[in-house]
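Following the hints, put chain B in place on chain A, whose structure we already have.
So you can see what is in the structure, the chains are spelled out below.
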Amino acid sequence: QKEVEQNSGPLSVPEGAIASLNCTYSDRGSQSFFWYRQYSGKSPELIMSIYSNGDKEDGRFTAQLNKASQYVSLLIRDSQPSDSATYLCAVNPGGGADGLTFGKGTHLIIQP
Amino acid sequence: DAGVIQSPRHEVTEMGQEVTLRCKPISGHNSLFWYRQTMMRGLELLIYFNNNVPIDDSGMPEDRFSAKMPNASFSTLKIQPSEPRDSAVYFCAGQSRFGDTIYFGEGSWLTVV
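Protein chains in written order, with the working numbering: chain A, 22 to 133; chain B, 18 to 130.
To be clear, the hints were calculated from the coordinates, so they are not data collected in a lab.
Covered stretches of chain A (in silico footprint by chain B; criterion: 3 or more residues with CB under 8 Å from a CB of chain B, positions within the stretch not fixed):
hint : segment
1    : 59 to 72
2    : 120 to 131
No more than 27 Å apart at the CA atoms, straight line, and that leaves these computed lysine-lysine pairs for DSS-like:
hint : chain 1 : residue 1 : chain 2 : residue 2
3    : A       : Lys125    : A       : Lys23
4    : A       : Lys23     : A       : Lys77
5    : A       : Lys77     : A       : Lys125
6    : A       : Lys125    : B       : Lys95
7    : A       : Lys63     : B       : Lys85
8    : A       : Lys63     : B       : Lys95
9    : B       : Lys41     : A       : Lys125
10   : B       : Lys85     : A       : Lys23
11   : A       : Lys125    : A       : Lys88
Per label pair, the in silico range of CB-to-CB distance:
hint : chain 1 : residue 1 : chain 2 : residue 2 : range
12   : A       : Ser41     : B       : Met56     : 19 to 27 Å
13   : B       : Thr128    : A       : Arg49     : 35 to 43 Å
14   : A       : Pro102    : B       : Met56     : 18 to 26 Å
A virtual CB, placed ideally from N, CA and C, is assigned to each residue, including glycine.
Isolated chain A, as found in the complex (with noise of 0.2 Å):
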């Protein structure tokens, strides 16, 4: 059974604060990694992709793989009120069109 951990939170940050969501998988072979928000009442919305061990930043966003210990994580600088949403931790595991397996996300509240 291939599965995706996250801690389900709530995870409660200070307004300007880093925010920190980590992810554990179980799948060794697994190729791709992605964090998907969603916002209450919404679908979720993908954000961050990750390929390779090592960092990757896109904005306010840097996302952190590292395969050896199959952890991936998500750092949000500067957080803001409009980033409180739950956050998914996704895996493809076969690195192909074979869909994503899922954590059961973190529910993030930033406080202003």
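Okay, now just chain B, sitting in the frame of chain A:
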């Protein structure tokens, strides 16, 4: 690009009734997925199609659930008979053969009373 289109957006039905959820994927997306989301279980993959052919339906909870994709632009997920425990958000999502990112529709919010 209109995105993945789902209907109905919201449905309230009585236990025992048939429910049909519909999805129009993004043109050119070869893979189509039906996910179910609940607070308890998160996002669960129910079934997916590749080039209109069902590939993996191991996530379909039981025989009351069925899905079809008669052509590249339309898919349905049917629940017959519906039960209160089927209440959830059902998402349709698509994936291009050129990339492994998937894109979600707005979801169909189902309540069975």
